Amino acid sequence: MFPRNEALSTLDPPPFDPLQPSIPISYPLKTLQELESQAYFNSFHYPFNKSSVPLKSSVLDNRPRILVCHDMQGGYVMISGSREGIMRVLMQFGIGTFITEGIDGRQTCNKLLATKESAQMYAERLRELAVDLGFDGWLGHGYYISVEGGQVSNAPWNNISSQGFQPFLEYKDNSTPDSIQVLVDFKEASYSGGVNITFKGTLKDNNDLTARLFQGKLLLGELPLHITYSVKSDGGSMLGLSLQFSSTLNERTSSVLIAPWGTNQLSNMFSKMIVPHVIRQEMAPGWVIQESIIEMNGQTLTEIHAVCYKPKPEIGRLRLENKSDGHNVTLAQNPSEYFAALGHITVKTFKDNPVFPASSSWLVEGQYIKWSPGSQGSNNLSVKITWKLEDGSNFQSSKYNIYVEKLVKTAAGNSGGRVEGTQEYIGVAYVEAFYVDNLSIPSSTSSVKFIIQVCGVDGACQNWMILHTINWMLKVDNLFLLLDEE
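Taking our numbering, I'd label the letters of the sequence shown as residues 4 to 489.
To be clear, the hints were calculated from the coordinates, so they are not data collected in a lab.
Errors might be hidden in some of the hints.
[What the hints assert, rightly or not] Here are the simulated DSBU-like cross-link-like pairs (lysine-lysine), alpha carbons at most 30 Å apart as the crow flies:
1) 373 to 387
2) 351 to 220
3) 373 to 53
4) 354 to 220
5) 53 to 387
6) 33 to 119
7) 354 to 275
8) 409 to 387
9) 220 to 53
10) 207 to 275
11) 275 to 373
Keep in mind the model is a prediction, meaning the values are calculated, not measured.
Whenever a hint applies, use it, and build me the whole structure from the sequences.
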């Protein structure tokens, strides 16, 4: 135990130094000198703030567009009206923006705009930041984190990079308005990441509700589409997917329904119906995986909808209502509870999971390794972990799940003692780097392993449970860095 100095505990924390290792953050440039010197690119935090998905270049039509700026009245002021449809670009405080306010801000602007050359120079520095860093675009948060249906963390989180493609929700009810709520749900345990799209409320048997999830334009080639989605539901609550297609040749539209059994009442609503192949995974209790293949050569996928329905019940299962005299019996279809959660959707043109690089092809390093005393004889470990392919190539990954295994050697007597440990999820990386900050290591721990699980662009991840193929890359004291492979 180390004695605590009460006098030191009342001192202000040291000033922020972007060159020193710490929990990666996004921080603002407060002076023109910082901007001009390009100091941000030398900071410890720079590699963690780069966008993991570069923006695609696109050729825009030569026509006027409406750009809406963040309000300048000292807060969030609601827009007048609700004509969001005419908005083409929204500019808010973000990467590539230098904010000036008050008297100091006026002096900063005077320097920034002093000459044409100075204005161009500062504009170029801002452009460098915007282009090099990019922007993930969504502020994600949640209460759980799951990987392929298995919950790996129940700690609340906030991360600008951890929320996926945003749904474009809009629904129309074919029965009673507002009978089912459609919401992005952060509180239910999820299949992937920390969020589901949840449908809950009441729905009559033999009725349905259609909710739009995504809208866009995806031109299809000759390869078939492999559609996979996960569902968790209660009772007779069924959830399917409706895909809308358009053709540029004959200007016709078509719709395809992917749904399990009990869809007779929906048959006249769609151009084609497909019953998916159903998979249940031991690692994902309660979740049902639906897989199907669609061939729509030359078509354009424009929308994806969720279809909520309850199959028409068998006669023997219909609710019976008896009058008090006991002679008249009628069949009734009363609204019943409906609940279904959509965990994920994968749309790809190949069936098999990507081939992951072998663990021996990665170079893994530990930097800024720091041990500090903890409580009750434990130690705290801080380390920056980086990895890259040895041949300099790039593997297209969507993310990297990071686990730690704290190994404890059992008492001798069983073949000289065994080393045991369990994998613990500690975070996700969207770049080839991860910073571990003050990880508590109990005194009984004999060694520490960090396991990096690579995930492909389609969301498929390496099977991190197979530990015998792990390659030992680095050893510093009791620290091991590992890269997992199937």
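Okay, the hints, checked on the actual structure:
With a C-alpha separation of about 10 Å, the suggested pairing of residue 373 with residue 387 holds against the 30 Å cut-off. A distance of roughly 15 Å separates the Cα atoms of residue 351 and residue 220; the hinted pair therefore holds under the 30 Å criterion. Taking the CA atoms of residue 373 and residue 53, the gap is near 25 Å; set against the 30 Å cutoff, the hint holds. Of the supplied pair hints, the one linking residue 354 and residue 220 holds, its CA atoms being roughly 22 Å apart against a limit of 30 Å.
Distance check on the hinted pair: residue 53 and residue 387 sit about 16 Å apart at the alpha-carbon level, within 30 Å; holds. Between residue 33 and residue 119, the direct Cα distance comes to roughly 22 Å. Compliance with the 30 Å bound is thereby established for this hinted pair. Restraint check for residue 354 and residue 275: satisfied, since their Cα atoms lie roughly 21 Å apart, inside the 30 Å limit. Only pairs whose Cα atoms come within 30 Å are accepted, and residue 409 paired with residue 387 is accepted, the gap being roughly 17 Å.
Proposed proximity of residue 220 and residue 53 is supported: the alpha carbons are some 27 Å apart, at most 30 Å. Restraint check for residue 207 and residue 275: the C-alpha separation of about 24 Å stays at or below 30 Å, so the hint holds. Our distance criterion of 30 Å between C-alpha atoms is broken by residue 275 and residue 373, whose separation comes to about 60 Å.
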